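Colleague: Please take these sequences and the hints and turn them into a complete structure.
For the record, the sequence lines run as chains A and B. Residue numbers for the first sequence follow my numbering, so the first one is 1 and each next one is one higher. Residue numbers for the second sequence follow my numbering, so the first one is 1 and each next one is one higher.
Since the hints were derived computationally from the structure, they do not count as laboratory data. Incorrect hints may have been included.
Keeping only pairs whose Cα atoms sit at most 20 Å apart, straight-line, the calculated EDC-like set for lysine to aspartate or glutamate is [claimed, not checked]: (1) A:K313 - A:E124; (2) A:K226 - B:D10; (3) A:K357 - A:E375; (4) A:K132 - B:D10; (5) A:K140 - B:E28; (6) A:K263 - B:D22; (7) A:K378 - B:D10; (8) A:K168 - B:D42; (9) A:K226 - B:D40; (10) A:K170 - B:D42; (11) A:K168 - B:E28; (12) A:K170 - A:D35; (13) A:K226 - B:D42; (14) A:K168 - B:D40; (15) A:K170 - B:D40; (16) A:K240 - B:D42; (17) A:K170 - B:D51.
Just a sample of chain A residues kept apart from chain B, beta carbon distances all over 10 Å, derived [as the list claims (entries may be wrong)]: (18) K55; (19) D77; (20) A88; (21) R95; (22) S155; (23) G181; (24) D191; (25) A225; (26) H353; (27) E361.
Just so it is clear, the structure is predicted and the values come from calculations on it, not from any experiment. Heads up, the beta-carbon is just placed ideally off N, CA and C, and yes, glycines get one too.
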Amino acid sequence: MTDYDVIVVGGGPAGSMAAEAAAKQGARTIMLEKDRDIGYPVRCGEGVGAFGLKKFIEPDPAWIATTISKVRMRSPDNTLIDFGMDDAGFILHRRLFDYALANQASQAGVEIQTRAYVDGLIIEDDCVRGVKYQYMGEHKQLTAKLVIAADGVESRVGRMAGLRTATKLKDMDSGYQATVGNIDVDQEMIDFYVGSNWAPGGYLWIFPKGNGMANIGLGINGIYAKEHSAHDMLHGFLDKYFPKASVLTSVCGGIPIAKTLKKITSNGLMLTGDAARMVNPVTGGGIITGMVGGQIAGDVAGLAIQSGDYSEKAFDGYPKRWHKAEGKTHEAFYRIGEGIAQITDDQLNKIAHRLVKTPSENLSLLKIFTAVAREKPKILLDVTRAFAGI
Amino acid sequence: MILVKDNRCDFCGTCVAVCPVDAIELREADISIIHDTCIDCDICIWVCPIDVLSSDVKEEVEHD
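Modeller: Right, dumping it as structure tokens:
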């Protein structure tokens, strides 16, 4: 008899969804979080699409900071492209949102343990059968039929089981974000700054958080990070454009812009969320996609418990269902990202000058990507794939 | 040798994610470099968003 059926490592959105889905299949499930708090620190821009979110949880004003209906994109020479969104967006209070998801999981029967730092795996007969962890300085262990690792961008659980999780420098953005107060920005608009002067190889974002606050952050692609510091670039931007803003909190973090890992399962183990690199390689958004991946992993875990087979083969449905749901689209976005990476600031300005003549009601993200594809025709097919979901 | 500038790390784990040889240990508020494993490729230094890692031994204090 094992201590649990399923151990989920990591208490972010992917972990909570995985744990909840497993528990709903009748699996005795525990979720371990290394930090003192679920949901903190918040290493995230906190933007999500409303449509994707509603599949998993009823939106609650308690954790929705602002509702977004407009997008602004800026070229390197500060040409503004404004357009509306087909689907509303939310900027979340992740600290409360992650709580709500973990609470939802606990109400489905999941046990949760914070301050539990997983530092090893129990492996028997080439199969993961539990975790070793530290709690308040004490070394402990728990056995289970299988483990789901939702342990974030720094995921080490996968490596402990021999999966190749190390991300190439070019597939990682170096990110820094400040939540600032006393800033006058449109509270219904997200604002993206694209170009090497704002954020080399990545972009800078302003996401409103209500009451004169906003998340202002940027990601610099790894290959440019040797020459540029995310912290210094963001503070340079704030000093220049928002000198009166006060920094209320600041965080740094890595944004994986890779394709999903080739292998996200092994005997007794599934990886999910950021740990499996389930992040959109162009936007860097990974909340909803992590929840999608987590829910599939938890569901497959529950089915495996029912069947009594915890081998890698029993988890086949997981990568297949992920690929169908999001993975295929991410691969198209990855190739689009590779194309965009070759576009110069001059080309971006040229695209912006062309788009700015289009009335904003006729603009959409698809139109913008199509305009980019005029400069880089090889991404056109992937733009179609990404937006048509084929 | 890769060193961690004392008390400045934010424990975000970006360095851990790109380390090709898994030579960085990170927990809630503690980071250390496993020098026996480290191959001094320096990519952790570049990717760190707040420039906490260094291969410069002169001015830095080792933190472990």
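Colleague: Please verify whether A:K240 and B:D42 have alpha carbons no more than 20 Å apart.
Modeller: Judged against 20 Å, a Cα distance of about 31 Å means the pair is violated.
Colleague: Take the C-alpha atoms of A:K168 and B:E28, compute the straight-line distance between them, and say whether it is at most 20 Å.
Modeller: violated (24 Å)
Colleague: Quick check for students: does the CB of A:A88 sit more than 10 Å from each CB in chain B?
Modeller: holds (30 Å)
Colleague: Is the Cβ of A:D191 more than 10 Å away from each Cβ in chain B?
Modeller: Answer for A:D191: holds, closest chain B Cβ roughly 21 Å.
Colleague: Straight-line Cα separation of A:K168 and B:D42 no greater than 20 Å?
Modeller: Answer holds: A:K168 to B:D42 is near 13 Å, not above 20 Å.
Colleague: Against the 20 Å threshold, does the CA-CA distance of A:K378 and B:D10 hold or violate the hint?
Modeller: The given pair, whose Cα atoms are some 40 Å apart, is violated under the 20 Å limit.
Colleague: Can the restraint linking A:K168 and B:D40 be considered satisfied, given a maximum Cα separation of 20 Å?
Modeller: Given that 20 Å is the threshold and the Cα spacing comes to 16 Å, the pair holds.
Colleague: Is it correct that the beta-carbon of A:H353 has no partner in chain B closer than or equal to 10 Å?
Modeller: holds (32 Å)
Colleague: Can the restraint linking A:K170 and B:D51 be considered satisfied, given a maximum Cα separation of 20 Å?
Modeller: holds (18 Å)
Colleague: Please work out if A:K357 and A:E375 have their alpha carbons no farther apart than 20 Å.
Modeller: With a Cα-Cα distance of about 17 Å, the restraint between A:K357 and A:E375 holds, given a limit of 20 Å.
Colleague: Sort out whether B:D10 lies within 20 Å of A:K226, counting only the CA atoms.
Modeller: holds (19 Å)
Colleague: Are A:K226 and B:D42 close enough, with their CA atoms no more than 20 Å apart?
Modeller: Answer holds: A:K226 to B:D42 is near 9 Å, not above 20 Å.
In summary, the numbered hints that this structure violates are 4, 7, 11, 12, 16, 22 and 25.
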